[in-house]
Amino acid sequence: MVSTGTRSLRIAFAFRGGPIRWLVLGGTLLIATIAIGATIMAGNFRERALRNSERELENTVLLLARHSDQQFDDFQVVQKDLIAFMRCNGIATLENYKRRMSSHDIHLMLKSKIDALSYVGGVNVFDADGNLINASVTWPPPTVNSADRAFFRTFRSGPQSPEMLVEPVCSRITGAWTTV
90 MVSTGTRSLR IAFAFRGGPI RWLVLGGTLL IATIAIGATI MAGNFRERAL RNSERELENT
150 VLLLARHSDQ QFDDFQVVQK DLIAFMRCNG IATLENYKRR MSSHDIHLML KSKIDALSYV
210 GGVNVFDADG NLINASVTWP PPTVNSADRA FFRTFRSGPQ SPEMLVEPVC SRITGAWTTV
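Using the numbering used here, the letters of the sequence shown correspond one by one to residues 90 to 269.
Read the hints as simulated data drawn from the structure, not as lab findings.
Listed below are the simulated BS3-like cross-link pairs for lysine-lysine, each with C-alpha atoms no more than 30 Å apart in a straight line:
(1) Lys200 <-> Lys169
(2) Lys200 <-> Lys187
(3) Lys187 <-> Lys169
(4) Lys202 <-> Lys169
(5) Lys187 <-> Lys202
Nothing here was measured: the structure is a model prediction, and the numbers come from that model.
The task is simple: from the sequences and hints, build the whole structure.
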């Protein structure tokens with residue numbers, strides 16, 4: 090067993106060591122301090138970068154949402170103009186609707202309205218059975234029926250159906266994905 094006197098001598102000797110030992114100890118402490126400081130700074134920079142990226146993403150989402158809303162509002166103007174045209178011209182019965190809305194003049198009117206909105210692919214006019222009777226993109230309109238589509242069933246369900254329904258579907262005219 091070591092006596093307490095010998096133990097205190099060893100501790101005193103360890104603290105009393107030469108300058109090389111103090112340089113090594115000081116260098117080790119300095120390196121540890123620098124490493125800890127660098128780690129903390131890197132963590133702070135990372136957190137700041139993440140907060141900035143999150144803020145930028147939120148701003149981008151807001152801009153895209155506003156842009157989409159504006160485009161939908163612009164398209165609703167086209168829809169409301171078409172409804173006003175039908176009301177002004179006394180189109181009230183199904184037969185009158187089919188006859189008048191399937192004409193080439195209506196195709197040209199739809200085409201002129203859509204040409205002003207470069208981001209809109211086209212406007213299609215369907216009858217009550219889901220048959221395409223006119224389109225702004227092609228003349229004569231192809232034989233297409235949308236009665237089996239969810240959006241058509243929703244609009245046909247009654248007057249409580251929403252004014253606008255946004256749904257991605259595969260176009261039966263072009264074969265490409267589109268939004269209706």
